[in-house]
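Student: Reading the sequence shown from the start, the letters are residues 1 to 290 in UniProt numbering.
The hints are simulated quantities; they were obtained by calculation from the structure and are not laboratory data.
Quick caveat, the model's predicted, so the values are computed rather than measured.
One should not assume that every hint holds.
To be verified - Okay, the calculated beta carbon distance ranges per label pair:
{"hint": "1", "residue 1": "Leu205", "residue 2": "Pro42", "range": "49 to 59 Å"}
{"hint": "2", "residue 1": "His207", "residue 2": "Arg282", "range": "37 to 47 Å"}
{"hint": "3", "residue 1": "Gln152", "residue 2": "Ser54", "range": "36 to 46 Å"}
{"hint": "4", "residue 1": "Trp99", "residue 2": "Tyr202", "range": "28 to 38 Å"}
{"hint": "5", "residue 1": "Phe31", "residue 2": "Leu255", "range": "38 to 48 Å"}
{"hint": "6", "residue 1": "Ile138", "residue 2": "Ile69", "range": "32 to 42 Å"}
{"hint": "7", "residue 1": "Ser54", "residue 2": "Ala139", "range": "42 to 52 Å"}
{"hint": "8", "residue 1": "Phe278", "residue 2": "Leu33", "range": "36 to 46 Å"}
{"hint": "9", "residue 1": "Ala139", "residue 2": "Tyr202", "range": "22 to 32 Å"}
{"hint": "10", "residue 1": "Pro42", "residue 2": "Ala139", "range": "20 to 30 Å"}
{"hint": "11", "residue 1": "Arg210", "residue 2": "Asn44", "range": "22 to 32 Å"}
{"hint": "12", "residue 1": "His207", "residue 2": "Pro42", "range": "48 to 58 Å"}
The beta-carbon is built from N, C-alpha and C at its ideal position, and this holds for glycine as well.
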Amino acid sequence: MATQQTRSIARFMMAPSVILLFVWMIVPLAFTLWFSFLQYNPLNPIRDGFVGLSNYKLFYDNPAFFAAILNTLTIVVAVLLITIIGGILLALLLDQPIWGQGIVRILVISPFFVMPPVAALVWKNMIMHPQYGVFADIARFFGAQPIDWFGQHPLTAVIIIVAWQWLPFATLILLTSLQSLDGEQKEAAEMDGAGFISRFIYLTLPHMSRAITVVILIQTIFLLSIYAEILVTTNGGPGYASTNLPFLVYQKALLEFKIGQASAGGVIAVILANIVAFFAMRAVGKNLDK
């Protein structure tokens with residue numbers, strides 16, 4: 001058991017890293033908060049000035065605001081459902097003794113190491129293209145009309161791309177949890193006559209619950225800031241159909257040069273992320289305390 005002296009030494013050694021991390025986070029946040037109260041345009045600095053909460057009102061009155069929030073939450077929930085369900089199924093499959101198991105695991109995990117813009121370009125031009133994509137060839141093979149994914153179902157297309165990228169992460173975490181399940185418990189359940197479904201519901205799934213909550217927490221934090229996939233594929237359109245909150249902030253900052261409104265949107269995004277993270281942390285804490 002650690003003594004008071006060792007705890008003090010540990011705190012002293014960790015202090016520089018904690019202080020540096022705090023400064024690294026608080027300085028950009030402070031500047032963002034300050035600019036959210038200014039009318040600042042880098043192309044016309046003469047009109048700079050303090051405008052109070054006007055930027056927040058203008059950002060709130062933007063017709064894309066509620067659509068962006070809804071799209072942001074839709075992406076998070078949909079990708080979480082796909083990656084958790086798919087990750088559990090892949091983990092169960094990869095846990096079986098199959099030939100070339102190591103190679104199969106590497107292939108399943110490899111999409112996670114592809115950069116988001118590259119992945120989005122591949123999906124846009126080689127898989128989901130309405131004329132030359134793989135999906136279009138499959139549709140024509142079965143006598144169906146190819147789907148213009150980015151024109152007719154832009155948000156669904158973005159969700160599929162993002163889920164494809166994050167599925168390997170969920171699979172890796174869940175597979176690690178599955179492999180830590182005691183083999184004697186499995187054998188005891190089999191000897192008691194429990195079938196595969198019963199073992200999965202009453203033994204495997206409860207054992208994986210902690211890993212599932214960790215996946216939810218980590219992915220939620222990153223999914224709230226999805227941006228590159230939307231920029232490369234749909235550019236937020238058609239209209240606001242695939243615009244999420246980070247992309248709306250990008251539009252205000254780098255396309256319209258309204259730094260004040262973009263900063264106000266950034267503050268709102270931080271507040272939204274903290275609200276979501278708060279409830280996710282509560283869920284994780286309850287499961288980890290069991």
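Student: Decide, hint by hint, whether the structure agrees.
Tutor: So, going through the hints one by one against the coordinates:
1. Leu205 with Pro42: 49 to 59 Å: 53 Å, holds
2. His207 with Arg282: 37 to 47 Å: 21 Å, violated
3. Gln152 with Ser54: 36 to 46 Å: For Gln152 and Ser54 the Cβ distance comes to about 38 Å; the hint holds.
4. Trp99 with Tyr202: 28 to 38 Å: 31 Å, holds
5. Phe31 with Leu255: 38 to 48 Å: 21 Å Cβ-Cβ, so the 38 to 48 Å window is violated.
6. Ile138 with Ile69: 32 to 42 Å: 34 Å, holds
7. Ser54 with Ala139: 42 to 52 Å: Cβ of Ser54 to Cβ of Ala139: about 49 Å, so the range 42 to 52 Å holds.
8. Phe278 with Leu33: 36 to 46 Å: 20 Å, violated
9. Ala139 with Tyr202: 22 to 32 Å: Check failed, 42 Å falls outside 22 to 32 Å.
10. Pro42 with Ala139: 20 to 30 Å: Between Pro42 and Ala139, where Cβ atoms are some 46 Å apart, the hint is violated.
11. Arg210 with Asn44: 22 to 32 Å: 53 Å, violated
12. His207 with Pro42: 48 to 58 Å: 54 Å, holds
Consistency with the previously given hints fails for numbers 2, 5, 8, 9, 10 and 11, ordered from lowest to highest.
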